[in-house]
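Asks: Below, each chain spelled out in residue letters.
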Amino acid sequence: MHKRAPAWLGKWLVSGPPLLYLVVFFAVPSLIMVLASFRTPGEFGGLAPLVDESGAVDLTLDSYTRLLSEPLYAEIFVKSFWYALVTTVVCLVLAYPLATLIAKSERRHRDLLLLLVILPFWSNFLIRVYAWMIILGPNAALARAVNGVLALFGHEPVPLLFSAFAVLVCLVYVHLPFMVLPLYANLEKHDQSLLDAAQDLGASAWQRFWRITFPLSLPGVYAGSALVFIPAFGIFAIPDILGGPDDSLIGNVIKQQFLETRDWPFGSVLSLVLTVLALALAGLAAWIGQRGVGRLASGDA
Amino acid sequence: MRKRSAWLWTAALLAYAFLYLPLVIVVVYSFNDSRLNAEWVGFTLDWYRKLFANEEMLLAAGNSLLIGLVASGVSTVLGTMAGIAMYRYRLRALPILVLTPIAIPEILMGVALLIFFVMLNFTLGLVSVALAHIAFCIGFVAIVVRARMAGMDESLVEAARDCGATPLQAFVHVTLPLIMPGVIAGALMAFTLSIDDFVITFFTAGAGTVTLPLQIYSMIKIAVTPEVNAVSTLLMLLTLMLIVIASKVSPSLLRSD
Amino acid sequence: MALLEIQDVTRRFGDFTAVDKVSLSIRAGEFFTLLGPSGCGKTTLLRMIAGFDVPDGGAILLDGEDLAQRPPEGRPVRTVFQSYALFPHMTVQGNIAFPLKMARTPAADIPAKVEEALADVRLTGFGKRFPHELSGGQRQRVAIARALVTHPTVLLLDEPLAALDAKLREEMQIELINLQKEVGITFIYVTHDQTEALALSHRIAVMNKGRVEQIDEPDRLYGLPRTRFVAEFIGTCNLLTGPVTGSADGVVTVDVPDLGPVRVSAQGAQATRPEGAVAVRPEKVRLHAPGSAPARDNHFTGAVTGFLYQGDVTVYMVRSERGHTLEALLANSGSGLAKFFEVGDAVELSWPADAGHFIDG
Numbered sequence: 001m002h003k004r005a006p007a008w009l010g011k012w013l014v015s016g017p018p019l020l021y022l023v024v025f026f027a028v029p030s031l032i033m034v035l036a037s038f039r040t041p042g043e044f045g046g047l048a049p050l051v052d053e054s055g056a057v058d059l060t061l062d063s064y065t066r067l068l069s070e071p072l073y074a075e076i077f078v079k080s081f082w083y084a085l086v087t088t089v090v091c092l093v094l095a096y097p098l099a100t101l102i103a104k105s106e107r108r109h110r111d112l113l114l115l116l117v118i119l120p121f122w123s124n125f126l127i128r129v130y131a132w133m134i135i136l137g138p139n140a141a142l143a144r145a146v147n148g149v150l151a152l153f154g155h156e157p158v159p160l161l162f163s164a165f166a167v168l169v170c171l172v173y174v175h176l177p178f179m180v181l182p183l184y185a186n187l188e189k190h191d192q193s194l195l196d197a198a199q200d201l202g203a204s205a206w207q208r209f210w211r212i213t214f215p216l217s218l219p220g221v222y223a224g225s226a227l228v229f230i231p232a233f234g235i236f237a238i239p240d241i242l243g244g245p246d247d248s249l250i251g252n253v254i255k256q257q258f259l260e261t262r263d264w265p266f267g268s269v270l271s272l273v274l275t276v277l278a279l280a281l282a283g284l285a286a287w288i289g290q291r292g293v294g295r296l297a298s299g300d301a
Numbered sequence: 001m002r003k004r005s006a007w008l009w010t011a012a013l014l015a016y017a018f019l020y021l022p023l024v025i026v027v028v029y030s031f032n033d034s035r036l037n038a039e040w041v042g043f044t045l046d047w048y049r050k051l052f053a054n055e056e057m058l059l060a061a062g063n064s065l066l067i068g069l070v071a072s073g074v075s076t077v078l079g080t081m082a083g084i085a086m087y088r089y090r091l092r093a094l095p096i097l098v099l100t101p102i103a104i105p106e107i108l109m110g111v112a113l114l115i116f117f118v119m120l121n122f123t124l125g126l127v128s129v130a131l132a133h134i135a136f137c138i139g140f141v142a143i144v145v146r147a148r149m150a151g152m153d154e155s156l157v158e159a160a161r162d163c164g165a166t167p168l169q170a171f172v173h174v175t176l177p178l179i180m181p182g183v184i185a186g187a188l189m190a191f192t193l194s195i196d197d198f199v200i201t202f203f204t205a206g207a208g209t210v211t212l213p214l215q216i217y218s219m220i221k222i223a224v225t226p227e228v229n230a231v232s233t234l235l236m237l238l239t240l241m242l243i244v245i246a247s248k249v250s251p252s253l254l255r256s257d
Numbered sequence: 001m002a003l004l005e006i007q008d009v010t011r012r013f014g015d016f017t018a019v020d021k022v023s024l025s026i027r028a029g030e031f032f033t034l035l036g037p038s039g040c041g042k043t044t045l046l047r048m049i050a051g052f053d054v055p056d057g058g059a060i061l062l063d064g065e066d067l068a069q070r071p072p073e074g075r076p077v078r079t080v081f082q083s084y085a086l087f088p089h090m091t092v093q094g095n096i097a098f099p100l101k102m103a104r105t106p107a108a109d110i111p112a113k114v115e116e117a118l119a120d121v122r123l124t125g126f127g128k129r130f131p132h133e134l135s136g137g138q139r140q141r142v143a144i145a146r147a148l149v150t151h152p153t154v155l156l157l158d159e160p161l162a163a164l165d166a167k168l169r170e171e172m173q174i175e176l177i178n179l180q181k182e183v184g185i186t187f188i189y190v191t192h193d194q195t196e197a198l199a200l201s202h203r204i205a206v207m208n209k210g211r212v213e214q215i216d217e218p219d220r221l222y223g224l225p226r227t228r229f230v231a232e233f234i235g236t237c238n239l240l241t242g243p244v245t246g247s248a249d250g251v252v253t254v255d256v257p258d259l260g261p262v263r264v265s266a267q268g269a270q271a272t273r274p275e276g277a278v279a280v281r282p283e284k285v286r287l288h289a290p291g292s293a294p295a296r297d298n299h300f301t302g303a304v305t306g307f308l309y310q311g312d313v314t315v316y317m318v319r320s321e322r323g324h325t326l327e328a329l330l331a332n333s334g335s336g337l338a339k340f341f342e343v344g345d346a347v348e349l350s351w352p353a354d355a356g357h358f359i360d361g
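Residue numbers (my numbering), protein chains in the order written: chain A, 1 to 301; chain B, 1 to 257; chain C, 1 to 361.
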């Protein structure tokens with residue numbers, strides 16, 4: 001009556017359906033995008049049929065040569081890189097004291113303090129962007145105060161909204177929780193006796209931080225940086241809503257290629273470059289993080 | 001030491017203020033009796049009244065709800081399977097396929113699916129959006145379920161088999177009840193992510209279909225009006241409710257250790 | 001006819017052979033123990049009997065039927081897990097009823113059977129509690145009740161007492177012996193604790209590095225160890241090794257370096273190899289003040305280098321003239337007497353040839 005089912009049966013019954021779904025709706029679309037990057041746009045934009053009337057499959061490197069020959073796009077990648085880098089650094093500076101405080105607070109307060117960091121992340125993304133439209137709006141108190149001060153020095157009023165400043169503030173605002181969480185997870189595990197020992201040996205507060213706490217927290221710093229940098233690098237909604245004409249980032253250009261210019265092959269090339277860069281950065285962060293942990297564990301850090 | 005913690009508290013308080021002040025302003029101005037989100041004039045519920053008379057908005061909300069329910073339902077089933085499989089078996093492809101959609105910028109998945117649907121002549125609309133949402137929600141559910149599996153004593157499944165349960169019976173009577181808090185938390189998470197998603201929806205919805213975030217987007221692209229504040233406040237309330245439920249079901253979800 | 005036949009069973013994990021051609025036969029109604037240090041393969045063997053693991057070679061036969069194709073749920077074998085593995089989301093009743101439900105017992109019969117099982121392990125009245133509301137010993141008993149409620153042919157117990165404190169462990173040992181007598185089911189017990197194995201079992205298989213070293217009754221295992229490993233693993237032992245220099249009149253002589261020639265009754269064992277060992281338990285070694293030792297087959301002089309006072313007995317470490325250290329155990333039977341000798345005292349050691357045990361090789 002009872003027969004032993006082969007071991008692979010359970011494995012495939014459980015992993016098969018999600019695997020199949022993700023192959024169809026993630027792996028295949030990604031591969032199609034790779035294929036699309038070697039194609040030409042259709043007559044009315046989008047993508048020309050894969051097989052033309054003569055039955056030939058026509059592949060071209062046109063979109064790739066265009067990327068290399070027009071410096072505008074390299075410049076946009078560099079600009080996006082800078083925006084993401086500034087966002088990451090500011091997030092790190094803001095998140096460090098916050099994560100330290102949560103890690104050092106009493107155990108019964110920690111859940112609440114941490115929840116308070118996560119909660120805004122769960123509110124709608126667009127609402128969080130919209131909030132900054134209000135705060136930075138030309139009639140809002142902040143803009144009037146800033147421009148009032150500027151006027152004292154005889155300076156022309158500056159718009160806060162639709163500027164690089166607005167984009168960066170919102171980028172930091174949206175990504176801050178991603179930096180706090182891994183930092184906290186790391187700092188929470190630190191052994192207080194190390195710091196006590198250092199103090200015993202005469203290390204000042206700053207030395208204790210710079211020589212002990214910070215190096216030990218590097219895995220958390222790398223993880224948080226990856227979690228902030230990668231989505232910030234590919235962001236499109238924030239510059240789209242809060243940015244001025246000069247604040248177009250790579251995400252905006254991709255959106256433009258797909259929905260406005262409708263040059264899908266070129267859009268695909270830009271998307272692929274973004275994917276490769278994002279995955280390379282994620283891999284790099286994971287690799288540095290692991291190496292760092294290994295070195296710390298073996299004691300030669 | 002005391003001086004140092006005072007410094008820390010100040011910095012942390014500023015950070016919390018930075019996190020919450022914008023949201024508080026959105027909520028407060030939703031009750032403000034002025035078209036301009038600039039200064040407090042007086043209390044009114046007008047914006048909420050306008051909101052509920054706005055048929056486009058109601059249609060968008062209905063669409064979002066429908067997509068959210070379908071996407072969270074399907075992705076919870078598939079994500080639970082993926083979470084169990086990733087914990088129990090040595091797999092190469094599945095973890096990569098589950099985690100990459102979360103790791104890369106959202107826009108990439110949006111445009112890849114846009115090409116995919118158009119190439120297949122698949123009409124963009126509610127169905128394509130739901131299919132896309134399922135694909136990125138699977139990963140979030142899988143992560144929560146896998147964490148729950150890791151916290152479960154694996155010998156309980158063997159004990160069930162030992163007591164005469166078939167693999168399916170062991171799953172239904174032992175594994176599933178024990179990982180249920182994780183499954184429910186994952187489902188609520190998927191629902192929230194689906195309701196809130198803007199970027200992927202933006203690319204896969206096509207011209208005729210509107211969801212709540214798409215509606216909010218087109219409203220703020222035109223003008224900042226307190227009606228957006230009102231719908232934002234309601235959405236925040238909904239999310240908060242879901243989080244409270246999730247934390248009741250699965251306290252460990254929000255626990256620091 | 002044996003109830004459970006294990007024939008040449010082998011299990012490998014990569015390059016590591018966890019169980020290496022093990023053969024055992026276990027009789028119906030027997031309390032059988034697999035004893036060995038951690039990593040010796042005893043738990044792997046138990047898991048293969050339960051069906052959680054599959055042998056790479058050999059066969060496991062129950063009542064003559066090969067179990068290879070039977071999944072765990074298809075075997076009349078139940079396991080008591082080391083962690084007890086009680087279902088945390090079910091009450092005690094729910095846990096015990098679970099195997100009955102899986103066996104499609106009519107719903108009306110279940111409560112009575114559960115009550116009966118609870119009574120068997122003296123937990124009547126605890127049915128509505130959840131596992132986390134029970135003590136370690138109570139959880140242990142629920143696990144046993146759950147395993148026995150469907151009357152399996154064989155009960156497997158994987159270090160079931162390891163998590164209990166010493167006092168409770170002793171109580172549970174007696175309970176297990178009585179329970180096994182009552183239900184008459186074959187128990188296969190896995191432990192690394194030799195005193196536990198000696199106290200509980202009808203027969204013991206001592207395992208080392210995936211192989212069975214010796215299968216015997218507890219007293220024979222202790223008194224007549226067949227290998228050096230068994231002699232040293234079961235209890236403490238003076239293991240005196242050296243070349244075999246003589247074998248006559250049923251007495252073997254082993255020339256132990258640093259000590260001298262040791263004579264031992266062969267008791268049927270043959271010296272087939274040039275090397276041999278004599279196992280002498282510390283309690284068989286007599287200690288005397290110098291000059292007072294009676295003439296015995298083995299007689300050495302030495303000095304006390306240390307002792308461990310253990311209350312009822314004291315263990316003395318004695319270094320022989322030529323430098324070999326032996327252990328001798330003396331009962332502190334005299335009133336108010338804690339020890340007979342001090343460190344540095346010169347003493348004489350002696351034991352008759354039949355107090356030792358010869359191990360070939």
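It is possible that part of the hints are untrue.
No more than 27 Å apart at the CA atoms, straight line, and that leaves these computed lysine-lysine pairs for DSSO-like [said to hold, decoys possible]:
1) B:LYS221 to A:LYS79
2) B:LYS248 to C:LYS128
3) C:LYS113 to C:LYS101
In case anyone wonders, no lab produced these hints; they're calculated from the structure.
Asks: Among all the numbered hints in the text so far, which are the ones the structure does not match?
Replies: none
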